Structures are given as C-alpha cells and as structure tokens.
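Student: On the provided structure of chain A, position chain B as indicated by the hints.
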Amino acid sequence: MKRRAVYSFFAAAAALALGACAGSPPHKDNDVRVAIYSDPSSLSLIGNSDLNSSQIASMISDGLVAYDARGHYVPMVASTWEISPDGTTVTFHLRDGVLWHDGERVTSRDVAYTVAKARDPATLSRSWASALANVASFETPNDSTFVVHYTAPYADALEPWRLPLVPEHVASKDANFLSGAFAHHPIGCGPFRFVSHDPGQRAVLAAFDRYWGGRPAIDHLIFKIVSSERTAYESLLLDELDLLAVTPDLWRDALNAPAAARLARFIYYRFSAWKIDWNQNEATPFFHDKRVRRALLLALDRKRFAETVSAGLARPGVSSYPPESPWADPSIEALPFDPRESARLLDEAGWRVPSPGHLREKDGVPFEFTLILTAGAQEIADRSAAWMQQSLAEVGVGMKIVKLGSEAFKQQRKTHAFEAAMGTIAFDATPDRFDLYHSTANVDGFNYGSFSDAEVDRLLEEGRATVDPAARRIVYDRLQHRIDDLQPLAFLFQFAQPVLHDPDLEGIVPSAVGLFQFTPGPRAWHWSSARGRN
Amino acid sequence: MLPAIASRIATAMVTLFIVTFVVFALLCALPGEPQGGDDASRPLPPEYRAALRAQYHLDEPWPARYGRWVTDLLRGELGTSFSAQQPVAAMLKERFPVSAGLNALALLAMLGIAVPLGILSAARPDGPWDRAGWIATTALYAVPVFWTALLLQWLFAIRLGWLPLSGISTDGARHPSAGFAFADAAWHLVLPAACLASGGLAYVSRFVRTNIVESTAGEGGRAARARGLSMLQYAARHGVVQAVVPLLTLAGFLIPRLVGGSLLIEAIFNVPGLGSLLFDSILSRDLPVVLALTLLSGLATLFGTTLSDVLILWLDPRVRHAR
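Protein chains in written order, with numbering that gives the first Met the number 0: chain A, 0 to 533; chain B, 0 to 322.
The following block holds chain A by itself, in its conformation from the complex (with noise of 0.2 Å):
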C-alpha cells in the first residue's frame, strides 16, 4: 500500500512536470472560471453576507423578484404579485414546478422561514435585515401564496423580496445556521446548484438542469480565490481564469501588453460613486452655506481629470441618481468647471481673500480644511486628492490631507469627527436615499455631514410612501433638483469599470448592478460555437 502511494506520488509529479515542460495548454471544458479577492465569509446563502457570499448565493439561489440589467424588478419563484392600493401589503403567487436542487418542491413556507432567518441576528444577515426592517407580518395562506404586510406603506416593497431563498427542509436541522451542515453545502433554488469549496482556493458550482429558466449554458462557474489582483490578471494572461474585472492600471498594462491582445475588452458603469462628505455640523465653521459647496465643485475642472489622469475610465458625478440609474432625471447635469463662479460665489458667503497669495478668510477664520481617505484604497483617490488640494488653492482655499485606516476613517466619519471625507458610495436601483440625505439618519444612517433641510425630509418621506410609479417619479425629479440646488455631498467622479475576458466567452451583459446580480447574468454565458479554432 505504501509503495503504491510512493509510485503515485511519483507518477503524478512526473506527468504534472512532463505536462509543464510541454507547455500544454490547460484543459478547458465548458467551464467559466472568475476571480474573487477573498474567500465568501459564508455559503448559508443569507447569513454572515459580504460581497463575495453575495455574489455566490445570488448563483445558488433565487429570490422571488431580481432586477435585470437595467434595475427593473422581473418575477423570479414569484411569476405574480399585487401591491395593496395603501402599499402596505404585498401578495406574491410562487411559480409552479420551481425545484429546489435536492429535487424538492419550492413552496411559500420556505419563503417564511427565509425571512424569518434573515430578520433573526443571529443570522447577521446585514444588508438582507435591514431591506426587511419594515415586515411587520407574513403568512402563508397555501404553498404557492406568500402575504407580507408593512408597517407604512412602502413603495420599494419588492426590494426585500431578491432575497436568495433558503429550503426550510434542509437548513432548519442544523441547531447552528451559520456552522451547520448547510452552511457547508448548501442548497438552493437557482440556475447553479453548489458543488465544492476549497478554502482560500475556489468555489465551484455547476449548472442545475432542472432550473425553472432553463439550464445555464455553461457547466460549471468557478470562483478562484486569488490572493491579488495583479496575481488574477497575470491568470487571465496565462489562461487560468476567463473573465476579470481589473484596475485601470492593468487596464493600461492590457493595453500595451502583448499578451493581452488576444484578450476582450468592455468598460461599464455601475450604481456607485465618489464622493465627498462636507462635515455642516456646528463645529465645522466652512460648509454650511450651499454657496460654498457649489463654488468648491465648480472650482474643479473634472472632465478634464477623467479624460487626462484617470485614462477615460471616469466621468464627471452628477448626484446621486447616476445617469444608469432608471429614475435619474435627464435635465440635471455635473456642475461644469467655472472658477470665476466659483470664486464669485466664495466671495458673496464671505470668505473673502485677504491679499494676494493669501488664502480666504471669513470673521478671521482662513478657509483651511482636512480631507480625509482611506489608506492605500485606490491610486486614483491619492491622485484625486492631490488634484483637488491643488485646484481648491487656485481659489483661494486651502486642504490638508490626511489618510487613515480604514476602520479609523469609517469610526471618524461615523462620529462626525471630520471636516471632509472622501470615499466611495454604491446604490442599489431604488430611488430611495432617505439613508443618504434625512437629517435624521445622522445617527444610523448615511448622512455623515449632518445635512439637514426640511424639504428634502418631505421629500424623502413622501417618496418611501408613493407606491404609484408616476406620482412616485414626480416626487424623486423634486428631490432631484432640490439636492442640485443644495449640494449636500459632491459627487465628484463615476469610475468606470474595466473587464477583459476570452474573446469566445460570450453573452456577458454588463450591467450597472454588476456581472452577477441580475438576471440571467452568467446564466446567459456561453463559450461561441468558434472556440479552439481562434
């Protein structure tokens, strides 16, 4: 037995060697392999979620709504459903013949105990408990009817209901969710069905042929975890990986690189910007006049930074509506670059510039306030920063840098102990920015500066309460024009995300929720019919 392991060992090392010296290309079957930077910090589907577990589970499992590529909610297990006149009650009708990956049937019981699981802290479901803080109620009047009840009329009442589905019959016998045999292996309801998860290595899943949509035209979907990302372009340069969203400095490297001229290539938007947070709180004496906070943006020249330092993978941030977004209303745009409004506009909230080469000064106090980022996020941050302290100092105002840790910067901004931030904020396709802008979610919420205006609460109000989609617009293009008027945050830059994939990967949809999260998403992927003879 032990000669037998000794050959083996021996046999494998010299056919592994023997295969390297040849330089034969590695096997490819009807497989997609994607990088991830992590591994998911859990495979229970709803419990413990990050990104990457996100992403994964959203593969495995379905919910009853998903969005498409453009934000729109379509049906998932749900095929109908009816929102009551005063938007309070949700009735959703579950499709017939949804299976479970076991072979069992879908059924609205399962859906209660999703949401039950979700809503229970243990799970620390985070995102999924609080799109669901508002289910005051549900019940199950049969199999193929889930009932939800809100406690006020709720005009994103689906938004909850992407909620990656968990099987009661399978997931409820394990006494822990989060350690349990489910979370192991789990098992869903969606296009891919779980195969295997090597810690730190990958996650594989393969095609589910008995999905409700159709079976994937792929066989198997593989998260590689990669340590980096310049270690998963030099993958996707040597073949071991098909599809990577990368940095724009190795987008610029692919695009000199010899190696990558074999390579596909698209750049798309998603729900996501950069911004700057203005401390307006009372001890921060600079951004409470919105004058000022106009004039601090139209002192920056953007477009020209987009097209020049960041290669044409930006564009000027318009609010918080990003132009992808299906509520964004087309008659705002990004507050051109204009210094002489910027300083006129400087000049009539007071702060005033003493003598030449001075800067502004307003009751004695110079206009002289720190950013802060975080530490080593994202080149392009130093390099915005950089920019904006220089063109900030061309109207007379002057920043400091500061760089933090980002547990440091996320406990600063969160206790108001700022004068500016800048990070990154992503959406998700609902209109909904109470989080964002209310004075009261200075607490819990968003609202990091502490912004306070009394119309933009209305609004925010009344907008959550809207369920009728046209009265509903009405009131988001009001808060539209009411925050560009305002300018609570500056939305500096949308940057773009580069992809490079194999040329005969097709049917990638890039989609401003991103690659995965809609649907059909990699469902749709397949190799073309030409591959190999490329």
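None of these hints come from the bench; they were simulated from the model.
Quick caveat, the model's predicted, so the values are computed rather than measured.
From the three backbone atoms N, C-alpha and C, an ideal C-beta is built for every residue, glycine too.
Certain hints may be false.
[As the list claims (entries may be wrong)] Some chain A residues judged to face chain B by a derived CB distance under 8 Å, without partners named:
hint, residue
1, Ser129
2, Ile221
3, Thr230
4, Phe445
[Said to hold, decoys possible] Stretch by stretch, here's where chain B covers chain A in the computed footprint (C-beta under 8 Å, at least three residues):
hint, segment
5, 112-123
6, 197-206
Tutor: Here is chain B on its own, set in the frame of chain A:
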C-alpha cells in the same frame, strides 16, 4: 534537567498569557469593531446592531472579555470566529497542514542547500566556493522576500510556464489517488517554499561554515589532518557532527515558523495557511482567531526550544556530564 525544563515551561506559560493579554488589549484599542456592517448599501437597524454588540459582549469592558476568553480556554474552547462564524479550532485544523507542509518543504530545501554549501565553504575558507557562496547567499538575504517572490513567479510561472503561479491545487483536477493530490500540492508549493528558503540560506550556511572552521582549528582538526585527511574530508566527516548541536538550537527556533506560517509568502502565492489567516483576522478584528494563533505560535516556540534542549542533551555527552 527535568526541573529546568519544568521551570522553562512554567515561565513560558506566564509569558504566553501576558502576550495574549497585550494582544487582546491592543486589538480592543484599535478603531472599528467586528461585524460593523457599514459597507452595505443600507445601514443596519439599531436593534440589530444592539443584538450584535450583545452577541459579542462588546458592551462589556475589555478586561472582562479577556477573562471570558481565558475561562473558555481553560475549558478547552477556542471560541468562534467573528468573520467566518466557524469554530476556531476547526479553522486551525484545516489550515495547519498547509502551513506545516510549506514550511517543512522550505526547511528541507534550506538545510539541503545550506549545509553542503557551509561544508564546501569551510573546506577552503576564503577560497572560490566560500566567496561565491557568500556573495550568492548574502544577495538572496538582502533582496526583500516579496521581490524574490515576484521574480520567481515571473520567471518560472509566466515566462517559462514550468510551475504554477499561485494556489495549492490545479483547477478541475480529479486526482485518482491521494498520492496525486499530494504531488499536485507539492508541485504548487515549490515556488513559495523556494522563496521562504532563500532568506535563510545565508545565515544557515554561514553558521555551518563558522562552526566547522572553528572545530578544524582545534585539536581534533589538527589531529585529523596529521592522519592525512583533507579539509573537505574532515569537514564532511567530523565538522558536520560538531555543527549539529548548534544547528539543533537554531532549528528549535525555526519550528515555530511551521506553525506561525509565513504571512507575506502565503499572501503572494495564495496559500491558504495560518499566515494568511492571521493577516485576514487582524484586518477584520477577529479576536478569537488572532488570540488562538498567538497562543499556538507561543506554544510552538516553547515546544521547539524544549525539544532542541532535549536533543542536545541526548546527542552531546559534554552537556550531559556538565549537568
């Protein structure tokens, strides 16, 4: 000897607890908290946040939380990881063989190259082998390990395509036996092990060389040469034996590396060992995992130094008789 070892263990245990106490205090003093959840597109509901704080006892003063950890430890429980929500002991068990395998390979490579090099250098001090060996190993020692790693990756994985770029197993490989799986892992670990070994070559080879040269200059060396043995023959037959005892002392300090893993190398080569676990756990403020790894590393140091003491005692009669 036994009382000395017992005393060393007692001292080490006290030191270990002091170290874990300091690590605990430092991690608690850092900004941020586990499961902050602020990266989500929606903020956490306040009651959910409160439940999380209660679950992790974050509202208790940190000395009380440390006391809770020590009590659990005395019951044989290492706790549950904040990030992965898995038992810490299971996580260590899963990752230990990877780090141990990588470092054992590195140690073998280091000793396999450094000892013969030390013997060759000692055979003719200041001769061409000695000088060439010194230059080569010092250059390897001076180059930052991440740079060596990137160079090796570029040359052997990207340029020549002889070795895998990263990871510890081949995608989609269906191994017919455990031997194939083991060979696949070993194949993937060649570059990281070479990288880990490169830094230690200089001091181990110089260490061996110095010990042999010193013993050659002594009475034994002179007597051997009088019997007609060449320097190389003497170094190979007797010098190595003379160098074994100090080499064992050195090896005692290398053993903790088998457990502690190599943070940088594991990160660059995507090796899922204890080093990369420690790195991730520090970033995510995963206290139970950081403390368990600190403890494990301390215990390995204690084990390594004690083992080398016992081996020296067994191998070297001078030490035995001196006691």
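Student: Does each hint fit the structure? Answer for all of them.
Tutor: The hints, checked one at a time:
1. Ser129: 4 Å, holds
2. Ile221: Holds - the Cβ of A/Ile221 comes within 8 Å of chain B, reaching about 6 Å at its closest.
3. Thr230: 5 Å, holds
4. Phe445: With a minimum Cβ separation of about 6 Å from chain B (threshold 8 Å), the hint on A/Phe445 holds.
5. 112-123: Answer holds; 3 residues pass the 8 Å Cβ test.
6. 197-206: Three-residue rule met by the segment 197-206 of chain A, so holds; n is 5.
Against the hints set out earlier in the document, no violation occurs for any number.
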